[in-house]
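Q: Go ahead and model the full structure; you've got the sequences and the hints to work with.
The residues making up each chain are set out below.
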Amino acid sequence: MDQEFMAKVKMEVVDKSTAPARSVIAMQLKDVAVSFHGRTAVRDCTFDIAKNRVTSLIGPSGSGKTTLLRALNRLHDLTPGAKVAGQILLDGVDIYRGDLTVTELRTRVGMVFQRPNPFPTMSIYDNAISGLRFNGVKKKSILDEAAESSLRSAALWDSVESRLKVAASNLSGGEQQRLCIARALAMDPEVILMDEPTSALDPIATLRIEELMTSLKQRVTVVIVTHNMQQAARISDDCAFLLMGEDRAGELIEFDTTEKIFNNPIDPRTLDYTLGRFG
Amino acid sequence: MSDLVDLQSPHEIGHEMRDEIRRISDHLRRRRQVRSTIMVALCGVALAVTAVPLLLLLFELFHRGLPVVLHTGFYTQLPQTPSLVAPNVTGGVSNAIIGSIVLSAYAAVMAIPVGVLAGVYLAESDSKLATMLRIIAQTMAGAPSILMGLFAFSFVVRALHIGFSAIAGSFALAVLMLPVIVISSEIAVRGVPNTLREAGLALGAKPHKVSMRIVLPAAVTGIVTGIILAVSRAIGETAPVLLVIGGGYINSWKPLNPVSALPLSIYENAKSQWPSLRTQVWGIALVLVVFVFILSLSARIWASRKQRAR
Chain A
1 MDQEFMAKVK
11 MEVVDKSTAP
21 ARSVIAMQLK
31 DVAVSFHGRT
41 AVRDCTFDIA
51 KNRVTSLIGP
61 SGSGKTTLLR
71 ALNRLHDLTP
81 GAKVAGQILL
91 DGVDIYRGDL
101 TVTELRTRVG
111 MVFQRPNPFP
121 TMSIYDNAIS
131 GLRFNGVKKK
141 SILDEAAESS
151 LRSAALWDSV
161 ESRLKVAASN
171 LSGGEQQRLC
181 IARALAMDPE
191 VILMDEPTSA
201 LDPIATLRIE
211 ELMTSLKQRV
221 TVVIVTHNMQ
231 QAARISDDCA
241 FLLMGEDRAG
251 ELIEFDTTEK
261 IFNNPIDPRT
271 LDYTLGRFG
Chain B
280 MSDLVDLQSP
290 HEIGHEMRDE
300 IRRISDHLRR
310 RRQVRSTIMV
320 ALCGVALAVT
330 AVPLLLLLFE
340 LFHRGLPVVL
350 HTGFYTQLPQ
360 TPSLVAPNVT
370 GGVSNAIIGS
380 IVLSAYAAVM
390 AIPVGVLAGV
400 YLAESDSKLA
410 TMLRIIAQTM
420 AGAPSILMGL
430 FAFSFVVRAL
440 HIGFSAIAGS
450 FALAVLMLPV
460 IVISSEIAVR
470 GVPNTLREAG
480 LALGAKPHKV
490 SMRIVLPAAV
500 TGIVTGIILA
510 VSRAIGETAP
520 VLLVIGGGYI
530 NSWKPLNPVS
540 ALPLSIYENA
550 KSQWPSLRTQ
560 VWGIALVLVV
570 FVFILSLSAR
580 IWASRKQRAR
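Chains A and B, in that order, give the protein sequences.
The first sequence begins at 1 in the numbering used here and counts up one residue at a time.
The second sequence begins at 280 in the numbering used here and counts up one residue at a time.
Please note: incorrect hints may appear among the correct ones.
[Said to hold, decoys possible] Just the calculated beta-carbon pair ranges, DEER-fashion:
id : chain 1 : residue 1 : chain 2 : residue 2 : range
1  : A       : ASP77     : B       : LEU335    : 51 to 61 Å
2  : A       : ARG152    : B       : PRO496    : 20 to 30 Å
3  : B       : CYS322    : A       : ARG277    : 16 to 26 Å
4  : A       : VAL166    : B       : ILE529    : 46 to 56 Å
5  : A       : GLN218    : B       : ARG469    : 53 to 63 Å
6  : B       : LEU337    : A       : GLY136    : 54 to 64 Å
7  : A       : ARG39     : B       : HIS487    : 25 to 35 Å
8  : A       : SER162    : B       : THR329    : 12 to 22 Å
9  : B       : ARG308    : A       : GLY62     : 53 to 63 Å
10 : B       : ARG310    : A       : ASP202    : 15 to 25 Å
11 : B       : ILE466    : A       : GLY62     : 31 to 41 Å
12 : A       : ASP77     : B       : LEU307    : 51 to 61 Å
Everything labelled a hint here was simulated from the structure, so no lab data went into it.
We put the CB at the ideal spot given by N, CA and C, even for glycine.
A: Structural data, given as structure tokens:
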């Protein structure tokens, strides 16, 4: 590998000096493995998700990024035959075996999906506060306040303020995805998981979501799965690189700050991937 | 590059070769055209075979029924038996119209909540019980409708000592409607994208809340279409009500009274010795058809509006 070539293609990692240091840990993964009907989909995942930072999970298709992400708020619970081994700690409490109900966990660890999925029968307003309603909040003043603040945080308030009662499906794809982010934010979660949140969006909508994620760091910890190398470089502070092993199970190859992963990784496979040699 | 085959560019293909290709393609095109014409003709014949009896039936229905239904007395009067002095006095069928409305309304009230919830359960559960219920529903959907009448007769009329009544007929019709509602609800609920369920769960909603607040509203168009289908089918059924409603000759909205029904009136009048009553049959049939038509039309309009609102 000649230095000249590397310098030319080196991914530009945006300066993250504003992000807080990796001092406080939001979630800890200890030797996490997920299997379906005894077949391991992803394993050997041990890393810490630092508070108020953006952690990206990158790797080629089939490396288990999404599977790992979904383990973080127990979305595999309903999949028959799914088993999560190892430990995942939220604030030091094991989310699978600890003293934490699955519904409480999910109110503390929110999720945004690959395709915008606002509830089609609900209005923009109802979508934004749907999580609160599901959890029994009825007081109108609280709901109104939560709707406004979450929509503001998702940079959506100004464009929807006058049409809160309109069906959410009238929004554009990018707006719908921001509504889904608002919906997650309304629960005031500690962590938001994002599963390729911009893969179904156009470049401008993508940019707005990325800006949003960066600003959200102030209040939440973000974990994002992305296929897009530039996106990972632009927005994430820390980065986990996963790869499919010999037996078709994904495994963690390397975890470090994004800067390190993209510019100076330890494992040669990480370098190959971030340079676009495969995947 | 060297191991790639050197492709001939078009102008290097010889004239003979080009003529040969054109000849073969012309031949193939002609064969395709002949086949296509035959298939289109066959489709046309099939369409005619389907449409002609239907159109004839509708024509006959309107031709003979329209003169009957244009009298207001047909809707407001009770039936009268013609006599030799007044062979054309048939009265109306108000009792049967009210009876049909009463029967299908009570039946819908009984069948809809149970059917929809059972459908949701079948769609959301993979248990053995669900599999068993599904098989039962499918079998019931194909069962002859007289069976429901027999069941209602032995259970409601006899065993519960309720006697011939609207409620017994509604019960039979409800049992008839149930499998249709269950199956169509299950299909509608299964059609709701899984990402919506996951979105609900990821917000900390409990599974039953996800089912009732997210999945059910999203499936409502399909469910309502199924309900209307079931009601339309039930309202035209004669066999299940024949044995149990008692054929009441008064206007009654009460569940425990005997009632009549439009299909039952058709059945009875058609057997009559009086030509005037036999003519009235067409009017009753027309009312029934229009009833069902309005039901399904309103369901369609409602569903398409709902769809557009999304």
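Q: A separate judgement is required for each hint: does it hold in the structure or not?
A: Hints and how they fare:
1. A/ASP77 - B/LEU335: 51 to 61 Å: Roughly 60 Å apart at Cβ, these two residues keep to the hinted range, so it holds.
2. A/ARG152 - B/PRO496: 20 to 30 Å: holds (27 Å)
3. B/CYS322 - A/ARG277: 16 to 26 Å: Taking Cβ atoms as reference, B/CYS322 and A/ARG277 lie about 55 Å apart, which means the hint is violated.
4. A/VAL166 - B/ILE529: 46 to 56 Å: Holds, at about 52 Å.
5. A/GLN218 - B/ARG469: 53 to 63 Å: Given about 42 Å between the Cβ atoms, the range is violated.
6. B/LEU337 - A/GLY136: 54 to 64 Å: The hinted range 54 to 64 Å holds for B/LEU337 and A/GLY136, with Cβ atoms some 55 Å apart.
7. A/ARG39 - B/HIS487: 25 to 35 Å: holds (31 Å)
8. A/SER162 - B/THR329: 12 to 22 Å: Check failed, 52 Å falls outside 12 to 22 Å.
9. B/ARG308 - A/GLY62: 53 to 63 Å: violated (46 Å)
10. B/ARG310 - A/ASP202: 15 to 25 Å: violated (47 Å)
11. B/ILE466 - A/GLY62: 31 to 41 Å: holds (33 Å)
12. A/ASP77 - B/LEU307: 51 to 61 Å: holds (58 Å)
Comparing the model with each numbered hint stated earlier shows that hints 3, 5, 8, 9, 10 do not hold.
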